[in-house]
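J.: Given next are the chains, with one letter for each unit.
There are 2 protein chains.
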Amino acid sequence: MSESITLPPPDPPERLVARMRAVGAAAYHDRHPFHLLMHQGRLTRRQLQAWIENRFYYQWRIPKKDAIILAKADDPEFRRAWIGRIIDHDGDAAREGGIRKWLRLAQAAGLDPDEVLSLRKVLPAVRFAVDAYVELVATRPLVEAVASSLTELFAPELMANRVEALERLYPWLDRAGLDYFRGRLAEAPRDAAFGLDFVVSHCPTRAQQDRAIDALTTKCHILWSLLDAIHFAYVTPGWAPPLWNGAD
Amino acid sequence: MSESITLPPPDPPERLVARMRAVGAAAYHDRHPFHLLMHQGRLTRRQLQAWIENRFYYQWRIPKKDAIILAKADDPEFRRAWIGRIIDHDGDAAREGGIRKWLRLAQAAGLDPDEVLSLRKVLPAVRFAVDAYVELVATRPLVEAVASSLTELFAPELMANRVEALERLYPWLDRAGLDYFRGRLAEAPRDAAFGLDFVVSHCPTRAQQDRAIDALTTKCHILWSLLDAIHFAYVTPGWAPPLWNGAD
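Here the protein sequences line up with chains A and B, keeping their order. Number 202 in my numbering belongs to position 202 of the first sequence; there are no gaps in the numbering. Number 41 in my numbering belongs to position 41 of the second sequence; there are no gaps in the numbering.
Just to be clear, a hint being listed does not mean it is correct.
Copies of the same chain are indistinguishable here, so a pair counts whether it falls within one copy or spans any two.
As a list, the in silico EDC-like pairs of lysine to aspartate or glutamate whose alpha-carbon atoms are at most 20 Å apart [said to hold, decoys possible]:
id, residue 1, residue 2
1, Lys72, Asp197
2, Lys72, Glu167
3, Lys72, Glu115
4, Lys72, Glu157
5, Lys64, Glu96
6, Lys72, Glu187
7, Lys64, Glu14
8, Lys64, Asp131
9, Lys64, Glu135
10, Lys72, Asp11
11, Lys64, Glu164
12, Lys72, Glu96
Calculated directly from the structure, the hints in this document are not laboratory data.
All chains should be built: construct the whole structure from the sequences, respecting the hints.
T.: Shown next, in the form of structure tokens:
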């Protein structure tokens, strides 16, 4: 008698989407205590600056991450859709990219953009977390790499709140520096819709769906760890690592 | 008229070794507040357990890291010297390896070794830091990969203090579980002497020496970040990440 192995059936699309939204509701970094402090106006100038310096490393690596995804894709239609993300960050002849906009945010916060660009102020643990994102994308299948980008589903609300909170609660911040977030308000929903459709239609088995959920959860942990590291060094307990160039 | 570029001369061997020892004196994790708490007997049972669970991931990845170094080496003499590290951790017919010894430490601390082995209790930030070590070794030249291993120069004193401190200050810990540290007391000096000699003799330029120092510093930051993450989740402020399997 042959054994039959019963595999769980794949979730229908609406259930898979609900599972992904549940990951965001539980683990997206809008719930992190450091972001709550930020949006309550309770960060010092130096703490907000440290966030801008460290988060820059994430902005810096994003186009590289997207180039790795581009290089994994065999479908010209997919690449045509995805390449816009790289241009959004790097810019082109017509538009300033997200990296430049972030450096203008740094300037609006009283930082030297060249020093931010030097990456000297990036905490080692922030580097390890962000590099883990690039590594995840490089080593997992395309559909899991795309799934890890779906934190974009949760970003627009955070961005809208942030523009409002930074303008109102940190009056010393030049509001011309907030263009980055305004840009993401338009880009993130478009990118997320494409990515969501791709993941839903390219996970035919329950096992693949579970791996996509895992990739999205790991991405949430990456963003969360980034804030943990900033919180640890600049808020509580407030300890920076030794022999670190950014200590001041 | 042709321009002449003056490169700084390489440091003589004793000066290079002194620079490496200075990295350890400033940034090796024996100075981390979590280790100070441990060696003062001030960790709770759960905090010490969490360290054992998380540090296991480092033990788990070390032989993989050493296999990557082995695969980078072209010299049979080098490989003959280096292969012993993998056997030290994985064991062979005659000897129990470091991974098994660590699981016996876990058992001595009242943990379920199978759960430790499942890696469920490993904090995401610990995973990112340890994976950064494997990635450093995979992506940098052999001599820098070897340089990153030279935290072994600083380990013996820490290990000797640890066996004494754990025996004396944590009487609930079964002392049969301390074999791992006793083993490292013999292995680390032998390994470090070989690695140090290799690095000193394979960095003919100042630029290469500086990159070796940088690799060793980054390794110190990796070990330091590992303790930061445990401290953050289990001591101060005591926040574990959401949707993390190990939360309890």
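J.: Look at each hint and say if it fits the structure.
T.: Hints versus structure:
In this assembly of identical chains, the alpha carbons of Lys72 and Asp197 lie at most 20 Å apart only when taken from the same copy (18 Å versus 41 Å across copies). In this assembly of identical chains, the alpha carbons of Lys72 and Glu167 never lie at most 20 Å apart, being 40 Å within a copy and 52 Å across copies at closest. Neither within a single protomer nor between protomers do Lys72 and Glu115 lie at most 20 Å apart by alpha-carbon distance, with minima of 33 Å and 35 Å respectively. For the homomeric pair Lys72 and Glu157, neither the shortest alpha-carbon distance inside one copy (30 Å) nor that between copies (47 Å) is at most 20 Å.
For a Cα distance limit of 20 Å, the shortest separation of Lys64 from Glu96 inside one copy, 17 Å, qualifies, whereas the shortest one across copies, 43 Å, does not. In this assembly of identical chains, the alpha carbons of Lys72 and Glu187 never lie at most 20 Å apart, being 22 Å within a copy and 42 Å across copies at closest. Taking identical chains as interchangeable, the C-alpha atoms of Lys64 and Glu14 are never at most 20 Å apart, the minima being 31 Å within one chain and 40 Å between chains. With identical chains, the CA atoms of Lys64 and Asp131 are at most 20 Å apart both within one copy (10 Å) and between copies (19 Å).
Within a single copy, Lys64 and Glu135 get their C-alpha atoms as close as 11 Å, and across copies as close as 16 Å, so both meet the 20 Å cut-off. In this assembly of identical chains, Lys72 and Asp11 lie within 20 Å of each other by CA distance neither inside one copy nor across copies; the values are 26 Å within and 44 Å between. For a Cα distance limit of 20 Å, the shortest separation of Lys64 from Glu164 qualifies neither inside one copy, at 30 Å, nor across copies, at 48 Å. Taking CA atoms no more than 20 Å apart as the test, Lys72 paired with Glu96 passes in neither setting, with 27 Å inside one copy and 42 Å between copies.
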